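Trainee: Position chain B relative to chain A; hints supplied.
Number of protein chains: 2
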Amino acid sequence: MSRLLVRSFAVSVDGFSAGPDQDLEHPLGVRGEELMEWFFHTRTWRAMHGEAGGDTGVDDEIAARGMQGFGAWILGRNMFGPVRGPWPDESWKGWWGDEPPYHVPTFVLTHHARRPVMMKGGTEFRFVTEGIHAALEQARAVAGDRDIRLGGGVSTIRQFLQTGLIDEMHLAIRPVLLGRGESLFQGLDLRGLGYECAEHRAGERAMHVWLRKRPR
Amino acid sequence: MSRLLVRSFAVSVDGFSAGPDQDLEHPLGVRGEELMEWFFHTRTWRAMHGEAGGDTGVDDEIAARGMQGFGAWILGRNMFGPVRGPWPDESWKGWWGDEPPYHVPTFVLTHHARRPVMMKGGTEFRFVTEGIHAALEQARAVAGDRDIRLGGGVSTIRQFLQTGLIDEMHLAIRPVLLGRGESLFQGLDLRGLGYECAEHRAGERAMHVWLRKRPR
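Same order as they appear, the protein sequences are chains A and B. Each residue of the first sequence is one higher than the one before, counting from 1 in our numbering. Each residue of the second sequence is one higher than the one before, counting from 1001 in our numbering.
If we strip away everything but chain A, and leave its shape as in the complex, we get (with noise of 0.2 Å):
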């Protein structure tokens, strides 16, 4: 059965997972963008974009890695765009342009029903409004043997979490202080839910870490 991976997603030291204040400027809240330095610089995120160039290393390596091989994503609401409440029309298409990096079905969780909307590239955002249960059957019904990402945001992957559906979240440890923002761990004892760090390794502009659940 395909797994339920959590890949590339930053934390500063202190704890945060997106800066406060997220708005059209700001799709990961204000000073977020600190977080991605690690990823912004590397090979695998310019050629993303179209750009050549960018840094190879032990941060490429694990961002490449984190963008091979799903066979769908599941991404919050909040992660998608700054809309809130009912879809006032059908003009919000991502925060990606007209071809998202994602390649597959992703499942966006959302409160508001919304039809389908196909995407340059193989990305086709379907909507899910019965939770994060339906979101998960939904999208290894589509993703056959192939993994499944869950991309965030903050909210989705603590609910994720607090469920133990997650088997691995790899986290990027970034050398910032935020001081205000989305907090990833506060209130969840990932230990008593099952989870331990399973694996290290030094990038350039990270530390990055594995958790996974213990065998039982």
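No lab work stands behind these hints: they were computed from the structure. All values derive from a computational prediction rather than experimental measurement. Hints may contain errors.
To be verified - No farther apart than 25 Å at their CA atoms in a straight line, the calculated lysine to any residue pairs in the SDA-like style are these:
#1 K213/A to R1180/B
#2 K1213/B to M67/A
#3 K213/A to V1030/B
#4 K1213/B to P20/A
Mentor: Relative to chain A, chain B alone:
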């Protein structure tokens, strides 16, 4: 003037710098010793305990620097020992045996007065009942040009951070999950308090970061 420094203070991926339920058998709380694993293996740690061998490398180099050149230390009472409330007698003299690793005057914060205790090797425990500013003032008076190390624990460091009195804080981020315990960051806006992450370095068993006051 001497600086107030935190050195070699460990924190888990999920933000805890001590486990829960500190007692005589668990000076760092339950599973808190996992935080110190980066230190236990070093040549520096072993030499402090009269043993030969141990790893050299980045962790060891940083561990060694954290023990050298201080003119005074400041410790919170819970770091000094498990006794709570008024001192029942003068028998408790710290976790460290006859010859503690400080070798200089070491100021212990407490609400309950007690006479100084002279230990082997130059450590003198002096008990300060007038709060953190008084402790820092007394430490500066004896430290001369040398820096002062704030040893911990978590609650003491948080108090000093909130006043902005710490000039630099070195953290060893350990790739472990504690799940529960004493959170170092929760509810603190370190960025708002004027700190930034100024430096980072990958060790063998930890990612080291240095937080500093931003230039005004």
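Trainee: Now tell me, hint by hint, if it's right for this structure.
Mentor: Taking the hints in turn, this is what the structure says about them:
no.	hint	result
1	K213/A to R1180/B	17 Å, holds
2	K1213/B to M67/A	37 Å, violated
3	K213/A to V1030/B	20 Å, holds
4	K1213/B to P20/A	22 Å, holds
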